[in-house]
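Join these two chains into a complex; the hints should help.
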Amino acid sequence: MTQVMEPSAGHSAGSPFADGGPADPGRPIPCRVLLLEDSGMDADLVCEHLKMIDDHAFDIHRVETRQAFIDAIADGGPYDLILSDFDLPDFDGMSALAIARDRLPRVPFIFVSGMLGEENAIEALKKGATDYVVKLRMERLQVVVRRALVEARDRNELADKRAALAESEARLRFALEAGRLGSWELTLATNRLRVSSICAANLGIADPADIATYDRLLERVHPDDRETQQAMVRQAVTSGLPLDMEYRTIWPDGSVHWVQVRGRAVYDKDGTPTGLAGVSLNITDRKRAEERQLLLLEELNHRVKNTLAMVQSIAKQTLRAAPSVEAFPDAFQSRLRALAQAHDLLTRRHWQGASLSEIAALTLEPHVDAGRVRVGGPPVNLTTGVAVSLHLAFHELATNAAKYGALSAESGRIDLDWEITPPAGSPARDGVASHAGSGHSSRTAAGALVLRWRESGGPPVVPPTRRGFGSRLIERGLAHELEGDVALAFDPAGVRCRLVIPLSSRVNPQ
Amino acid sequence: MTDANLSNLTVLIVEDEPLIAMSLEDALLDQGVTCIGPAGSVSAALEMIEAGGFEIALLDVNLRGERVDAVADRLAAAGIPFIFTTGHGAEGLPDAHRERPVIGKPFRDLDITDALARHRPR
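Same order as they appear, the protein sequences are chains R and D.
All residue numbers for the first sequence refer to UniProt numbering, where the first residue is 1 and numbers rise by one.
All residue numbers for the second sequence refer to UniProt numbering, where the first residue is 1 and numbers rise by one.
Same shape as in the complex, but just chain D (with noise of 0.2 Å):
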């Protein structure tokens, strides 16, 4: 099934663990969201900013023990809206983005779907 919030998405993950990532892609894929990425690397999540082309972005908060500020500050210097994934409790957030949405891992397809109809520019 569908949701008609998801329609005409595309989606920007970024994740550095492959088996999470694809599965992520497959929950999206199944409700006809496009996916850019994954972005294993915070230089990797920034090249795929700068190319663009997404509307919303998923962004696991630690990426090869490296923390994504950088992202997320460029995220939203871009106006472009994100939700965190972490296994982290809400401590580990970058300090400047503390309001924005964040998913536990792990999580059910349908949390991220909601998020994402949730979230996404109107």
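Okay, chain R solo, but in the shape it has when bound (with noise of 0.2 Å):
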């Protein structure tokens, strides 16, 4: 068997190593040492010469069997440093070297044998040995221990860093995916643009390598943001202030979507920028929302307008027809309290329009209840429009109820009825003045909703002297608006009135 090879020449004492030592040198840096060693003499001569090394504490915990090797190795650590004989009664070196690289394979295992052959030293070096030292060569002892704690130290710690920034990139990356947040790197020499996949999403692609440049991701933005896509991007390169900016974006369907970019230029030692760098994110549904919230801004304004200009027409009318100024208040109150029963409605059905049973049944409801008025009729959807005008005619014949016709006596009731009737052939007259609509020719080509207010048991109905607000409502203007028939008559026996509707998406059965 050959002797003895010195690994490496030039590690000697006094080499670079010499200043691996700790900053304090007044305190020495705590060492767990590992000695497999069956000899007590070879022990003690290895604790003399680890004592040599005077900037570490050691602390030596030396086992001689396999067991006790592999019971320190699981349950006896920390370790710093793992010595180990090479041949042992019921043991061997490599066995033990195999346990530790497993085990512990941060720690540093350096052999220390009586006799170690080259072939031995490369296969124990090839396994992970980190060195070793023959004993008749001792004092080389302490300068590879010495040198493997320092690498060790510098190694774990490095390792240390690595997980850390690995821990640190995972924790980025799932807080960039939870945002749904895209990253990208813009490199201004070469034009290159690095983008992460959540980023290529943001742009409608699924490859991130298919833009790989700032010129591919031009070609993405809508064409009318361009030119300000670009200026924002030289501006926060030539400013240095953060990028943020929105813009559309054109997916290879041809749908466009919104994305919102914000970042900042990167600049190098000198203060010159050489990139750019940022997040991105798609905005479209926001967006949308902000569309949607205008639309709906500018339909509340109308809406509200037309409701002023309704109150206004209602006020000026109810003037007009009033009998003295002490009646104005009375009348004009109760139909602004008739509208806004329609608003409420109508409100909650989300302006979608209503039934014809709801309509009837939001004025007539307590004399309902008194057993005073009868509702029936099939399904029928209204629009709003229609919904309200309805209802303030309601209301008209039943406040003209209360007043003067069935509602006014204990024996009065109002029968409310209505039915479809199919398209051919127009429903018999009941030979009341009839008042035609504005002459549409499709009037009953749809078929058309008949509907039927009689009221029975009242008082002798007077025929008014003068239109009044109530009837010119119901007569002209909702005969025009829904392009119907309306006959209005005030029968000795009860107000009479029947309305002719054409069906239409207006008015139509469910």
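Hints were generated in silico from the structure; no laboratory data involved.
Computed from a predicted structure; not experimentally measured.
Note that the Cβ used here is the ideal one computed from N, Cα and C, for glycine as well.
Take these hints with a grain of salt, some might be off.
[Claimed, not checked] So the derived label-pair ranges between C-beta atoms look like this:
(1) P81/D <-> R452/R: 37 to 45 Å
(2) R108/D <-> S355/R: 49 to 57 Å
(3) N5/D <-> R303/R: 30 to 38 Å
(4) R122/D <-> R467/R: 31 to 39 Å
(5) R348/R <-> P81/D: 51 to 59 Å
(6) N5/D <-> R226/R: 52 to 60 Å
(7) H343/R <-> R108/D: 22 to 30 Å
(8) P252/R <-> G52/D: 52 to 60 Å
(9) N5/D <-> L296/R: 38 to 46 Å
(10) D285/R <-> N5/D: 36 to 44 Å
(11) T347/R <-> N5/D: 40 to 48 Å
(12) W351/R <-> N5/D: 38 to 46 Å
[Claimed, not checked] A partial selection of chain R residues facing chain D, derived with a Cβ cut-off under 10 Å:
(13) K305
(14) R320
(15) F332
(16) S389
Right, here's the structure in full:
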């Protein structure tokens, strides 16, 4: 067996490793050593030499057998160093090395052996031993141990930093993904662009490699926004101020989406801008919501103005028809309340219209509950405008009935019912004055809603000497708006009103 | 009091809200103006333009959710003056007719009669 191979001639005392100790020489670094050695004499020798390394305080745990070594590795740590004999009665150094590498891969492992052939030495180093010292040259132990410890500390520090960096990167990636933030980086000199997959997805691109340059990105920007986009990027580079912009992007399928981009210029040591980096966010939903809100505001403004104009009309016409100034407030307020009730109902239905029975119930409910009014008919959908007009008309009829008609007498009652008539054949007239609408030829082409209001049991009806607001609203307003026929009759037995309204998208059976 | 400028005038009212249409009619009838309509939809308005017999029109910008561009186009083509009435701002007007007179809702009767006197054909 050939003898003693010195691994590297330069590694002797006074080598660069001499300065590998701690910054404070007054406080030796604690170092726990696991020593696998069956010979007590050899163990003492090792301890003697370790004690000569004066900037470390060694705490040596000696084991002699395979089982003791395995137990120590499992429970006896943490160790900063493992020293091992090569040949043991029940064990061998290479097996010990394999166990140590498996369980404690970061702890330096040094063979200290009486004899170690060249082949064994090479094999040991290949299998992960840190170094070896032959007992004939035990003075090398100090240098080898010190170097191994310093290198291990450096290695561990680096590994810790790497692990921390990886963890921090993972956290950042998680945050970006959770926030659906894409990240990007532009190199100015080459115009190269690196984008994350979320960033690419914000532009409707599956593969980030498809937008590897700034020019490829610009192709995806909406033509109307391209110039602004470029100007803002230039400005961020020259001014150093944060980039914050929103622009439209056209996806490969032709759909338009909104992207918000935030970033900042990157500079080299001389302060020359080298690139731009930042994040991107798909803000299409937010933009759509903003657009919807704007539309809603416009619609609200329109509706308020229209309602004010209606209130104005009600005021003027109530005043015009009022028998006296004293009669005005009550009549006006009652009509305003009817208008407000209709708005309440429509708001509950999200301004998507209302059913005829809901509208009929709105004013007549108290009388229905008292058994004075019977309401019935098949389901009919009304648009908002028709619902408001019909409600105001019912309100006029009910107010008149309460003052002069069926609801003014104990025994009086009202029947309000309706039916849908088929398109063919026009319903028979019931002999009362008829007020035609604006004369549309398509009046009954789609069938019609025939609605009847019949009062009975009230005092004898005296026809009014002049048409009031209610009659006018029903006979002219409603007839015009619904393009239907309206017949309002002041029959002595009770007021009767008959509406024939052609079915349309505004008035349709459910 | 009758404004001399409104004598012998016939006006087409295009308005989908019956209460507002009735109120307009009242104001105009008081001034001795003859009213045609009200037309509450684009198709009804086009039919009434076809029938003719009026000198000027009051035109609501939106009829049951439908824009009145087609009605304004037809009136302009026929050389009949018209005045928009709207609850929207000026931005709601048909693009081709932004130069036309506009009266915002709610309006005073005087706003209507003044505008009719000013814009009726001479």
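Hint-by-hint comparison with the structure:
Against the hinted window of 37 to 45 Å, the Cβ-Cβ separation of P81/D and R452/R comes to about 44 Å, which satisfies the hint. Remark: the range hint 49 to 57 Å for R108/D to S355/R is contradicted by a beta-carbon distance near 38 Å. At about 34 Å, the beta-carbon gap between N5/D and R303/R stays in the expected band of 30 to 38 Å. In this structure, R122/D and R467/R meet the distance hint of 31 to 39 Å, their C-beta atoms being roughly 36 Å apart.
The beta-carbon spacing between R348/R and P81/D, approximately 43 Å, falls outside the hinted interval of 51 to 59 Å. A beta carbon spacing of about 55 Å between N5/D and R226/R agrees with the range 52 to 60 Å that was offered as a hint. Between H343/R and R108/D the CB atoms are about 24 Å apart, so this pair conforms to the stated range of 22 to 30 Å. The supplied range of 52 to 60 Å is met by P252/R and G52/D, whose beta-carbon atoms lie about 55 Å from each other.
Remark: the range hint 38 to 46 Å for N5/D to L296/R is upheld by a beta-carbon distance near 41 Å. The given range of 36 to 44 Å is broken by D285/R and N5/D, whose C-beta atoms sit roughly 56 Å from each other. Against the hinted window of 40 to 48 Å, the Cβ-Cβ separation of T347/R and N5/D comes to about 44 Å, which satisfies the hint. Our hint of 38 to 46 Å for W351/R and N5/D holds, since their Cβ atoms are close to 41 Å apart.
With 10 Å as the threshold, the beta carbon of K305/R comes within range of chain D, its nearest partner Cβ sitting at about 3 Å, so the hint holds. Restraint check, R320/R versus chain D: the minimum CB separation of about 6 Å is within 10 Å; hint holds. Using the Cβ-Cβ criterion of 10 Å, the hint placing F332/R at the interface with chain D is not satisfied: the shortest such distance is roughly 13 Å. Residue-level restraint check for S389/R holds (minimum Cβ-Cβ distance to chain D is 6 Å; threshold 10 Å).
Violation of the numbered hints given earlier is confined to hints 2, 5, 10 and 15; the remaining hints are satisfied by the structure.
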